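Trainee: Next come the chains, spelled out residue by residue.
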Amino acid sequence: MRTRTGGKGATKQALTGKLSTDAAILGSVFEDCSDIMFHTFQTMWGTSFLCVCCRGLCDTERLERQVLAPLESDEAGVLNFPAERSSRYLRNHQLQEAPVASLEVIQSVEQAIQGILDGQALVIKEGVPAGVLYSLHKPVGRSPEEPAAESTVRGARDGFTESLQTNSSLLRMRLKTPAFKQRTLTIGSYTNTKVLLVYIDGVIESSLLEKVQERLQRLDISKVLESQNIEEGIVDQRFSPFPQMLATERPDVVVSNLLEGRFAILIDGTPFSLIAPVTLFTMLQSPEDYYQNMYMSVFVRWLRYLFFMLSLLLPSAYVAVTTFHQEMIPTVLLLSIARAREEIPFPALIEALIMEISFEALREAGVRLPRQVGSAVSIVGALIIGQAATSAGIVSAPMIIIVAITGIASFMIPRYAMSTSTRLLRFPIMLLAGTMGLTGVMLGLILIVIHLSSLRSFGTPYLAPVTPTSAEGMKDVWWRSPPWRRAR
Amino acid sequence: MTGRLLARIVLLPLLSCTLLLGGCWDRNEINDLAIVLATGVDWTDGEVELAAQIFVPRGGAGEGGAPAESASGVTLIRTAQGTTIAEALNRLQRQVSREMFWGHCEVIVISEEAGQQGLREYIDFFLRYPQFREHAYVFSSKGKAKELLALLDPLERNSAESLREMAILGLGARVTVLDLAKGIKGPSETVILSRLLVSPSTHTEQSSIVNSPTVNGLSLYNRGYYVKTVKEPLSLGVLMLANELNNIILQVEVAGIPGIFSVRPHKIEARLKPAIREDKWSMTINIETKGEVVLNTTNASLAKQQVMAAVEQAWEEEMKLLAEQAIQLAQDELHADLFQFAVKFRRHYPRQWKAQEAQWDDIFSKLEVQVTAHAKITGSGKSTTPQGIPGSENK
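Same order as they appear, the protein sequences are chains A and B.
End of the first sequence = 488 in the numbering used here, gap-free, step of one.
End of the second sequence = 395 in the numbering used here, gap-free, step of one.
Simulated from the structure, these hints should not be mistaken for lab results.
In this text the structure is predicted, and so the values were computed from the model without any measurement.
Just so you know, nobody snuck in bad clues.
Distance windows between CB atoms, simulated: (1) B:GLY186 with A:ALA388: 56 to 62 Å; (2) A:ALA388 with B:ASP32: 23 to 29 Å; (3) A:ALA471 with B:ILE248: 55 to 61 Å; (4) B:SER383 with A:LEU303: 47 to 53 Å; (5) B:LEU11 with A:ARG238: 16 to 22 Å; (6) A:LEU225 with B:ASP32: 50 to 56 Å; (7) A:ALA365 with B:TYR129: 50 to 56 Å; (8) A:LEU303 with B:GLN251: 53 to 59 Å; (9) B:ARG91 with A:HIS451: 50 to 56 Å; (10) A:TYR190 with B:ALA7: 33 to 39 Å; (11) B:ALA7 with A:ALA471: 38 to 44 Å; (12) B:ALA7 with A:SER151: 41 to 47 Å; (13) A:SER375 with B:ASP32: 37 to 43 Å; (14) B:GLU288 with A:PRO483: 55 to 61 Å.
Where is the CB? At the ideal position from N, CA and C, for every residue including glycine.
My request is simple: use the sequences and hints to build the entire structure.
Mentor: The following block contains the structure:
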């Protein structure tokens with residue numbers, strides 16, 4: 001991984017042990033970085049030390065109490081040993097005896113820079129060509145809260161936070177086994193974001209692990225602010241509208257997936273972790289399916305499948321049937337649709353597009369607008385779309401019902417990424433329905449199925465276990481077997 | 001990779017063009033349709049007259065979904081004449097500003113006058129013209145079919161709806177276009193249609209068209225031509241043998257007991273059993289019926305076993321009589337195999353049928369038909385003893 005530090009070729013150097021030189025090198029690297037703190041001091045015995053740390057990330061109070069104070073008050077005078085005795089000497093002595101849980105001895109400037117930016121404190125002793133990095137991170141961020149986008153009635157209430165450490169500990173809390181492994185990688189040439197690849201040894205296939213590790217290492221991007229930055233770079237099919245990784249804020253979801261042989265990627269700075277490989281059917285499962293009565297889960301799951309199809313096809317089916325296949329509508333229903341549509345100036349396709357687009361706009365506005373204005377938007381939207389549009393004769397009442405059902409259906413999809421892809425695909429299918437009727441709808445469906453059957457998520461076919469068929473996998477698709485009936 | 005990318009960049013707009021070139025072909029907005037709910041076929045001045053009941057989509061839109069019009073709905077009638085039914089349809093379209101849509105025509109009424117000219121042309125048209133439903137119900141009418149269609153039934157949204165409901169309820173014969181075609185094309189070459197007429201206005205309605213159609217008797221067709229109208233009680237026997245008798249209350253008189261028992265059957269089933277013995281063709285008809293007494297004007301108590309048995313026997317006799325009258329009508333008067341005996345013979349004796357097919361008319365006229373009936377009273381209604389006899393409680 002390349003590292004852009006802004007230094008003038010200084011990064012490859014080793015620490016000299018001469019405080020003025022080292023300070024100059026680091027000072028030039030951190031030029032104009034006012035949050036980097038340089039502190040040089042001398043003990044009463046005359047030994048000089050250089051301490052460098054990042055003011056916001058490093059816990060300076062602990063630094064003073066646990067590292068600097070013992071050094072400065074070196075009463076025994078052991079520090080006054082001749083410095084020429086190399087770093088081996090240092091390794092056995094005072095700097096390492098500081099009451100800090102984790103420290104690291106480093107030699108190169110590059111490591112020093114990384115450590116400082118990571119929130120560690122660097123201390124160099126005059127004459128010793130090495131430094132010690134103390135892990136004195138200041139706890140940043142919030143405590144775990146219930147994830148807003150994935151709430152369940154029954155189930156764990158904690159969610160990931162922006163801090164990688166917290167997130168990894170949330171997982172460890174649930175997986176008290178040494179088989180739970182975490183590999184650390186750094187991605188993003190500017191952000192240098194820490195990324196954890198977590199898996200369970202013995203459950204995950206090693207080829208899968210190698211594949212994802214290789215893809216992560218090959219990833220060359222400048223920033224990692226959200227999991228999407230990584231997801232886009234490592235999925236199999238980059239141009240697919242379907243999500244090939246599952247983004248979740250819930251530690252219990254991650255754990256359950258790890259136990260099913262998947263891996264997860266935790267990213268520093270975002271509460272969203274990525275899980276793969278996934279299939280279409282895992283995208284339609286909610287964690288709550290496993291937390292409630294089996295029959296209820298099966299019922300809800302089928303309801304979800306039905307509404308998934310509705311959210312994709314309902315407006316198109318309505319457009320196709322009302323403009324091409326009127327004989328398919330029950331007579332009485334046709335008569336009431338005819339009566340409602342009589343005053344509408346637009347063809348059904350245009351009517352559907354108007355409504356669907358304004359619904360999407362309303363939803364987007366609702367998400368983007370500040371909380372205080374949000375409720376105003378929903379009131380105005382409901383009024384305009386629901387009431388005014390029908391009474392003004394722009395949109396017919398049946399169309400409002402169709403759009404409303406479609407909206408509810410798309411909210412029923414438990415994974416947000418999946419619901420966005422159906423929302424998107426709805427529009428081309430609607431155009432096909434408007435030009436070719438049900439033939440067009442079928443054509444669109446066939447294209448989607450072709451795409452889905454060629455899609456793979458880290459080598460796993462996207463339509464598995466339905467095709468390629470696996471009887472074992474079906475138990476978690478068509479219904480939800482109780483745990484003792486499932487393989488793992 | 002670049003080649004594939006290039007192919008995609010070129011192909012995508014091209015494929016989208018094919019989509020647009022399709023150009024909403026065959027597209028028909030509901031607003032551009034004249035939805036036909038019922039069709040009538042009449043015979044006027046030596047030409048076919050086709051009548052269509054067209055739905056008028058007014059009201060409802062806008063005012064929060066509250067229908068502005070009355071529940072009877074709005075329909076209009078348009079008629080046109082032609083030398084053929086297709087020509088009449090063509091002329092009918094000339095009078096209507098929207099494309100006529102026959103896909104929801106669930107009722108077809110053919111007047112007896114038109115039936116006299118033969119059904120063949122109509123059947124062919126209804127089964128060939130793409131939009132007509134094979135499952136549309138077919139009725140016969142005493143007068144002009146268009147007058148029936150013009151009725152505004154106060155109970156239903158429109159008269160097409162009331163006719164459809166009547167067919168589903170089983171008042172009269174329930175015959176669809178497909179049944180009609182099968183009956184005429186089949187070996188028996190007959191069909192029975194319910195006959196409709198405009199019920200005589202008993203109450204003072206605002207206008208004469210605010211009225212309901214009434215099922216009154218049956219129109220019998222033989223070889224595709226209208227031959228006869230039968231009314232109650234003869235029509236009951238005909239319907240019974242066609243297994244179409246539903247929703248009926250029969251009056252049973254028992255010899256020796258003055259008064260009447262009214263019986264409502266739950267089930268009336270006529271089983272036809274054909275037999276060929278030593279070249280002698282015969283037909284046995286078993287009539288199985290079960291029902292409940294709904295009225296007893298006699299003084300006899302149904303709690304008594306012998307009264308019950310007597311009623312059952314009288315009922316059996318009555319059913320037998322109805323059946324025999326109907327068979328007599330078919331065999332001796334019309335020489336028409338109204339009850340599809342031929343279908344039964346063909347099914348049970350395919351070889352003999354094939355050999356004798358040409359002589360079927362003769363065979364049918366001389367066919368020995370035996371009728372047996374079995375009636376069972378399953379309940380005496382809510383009361384066992386006769387009710388409302390003055391002073392009966394004092395005894």
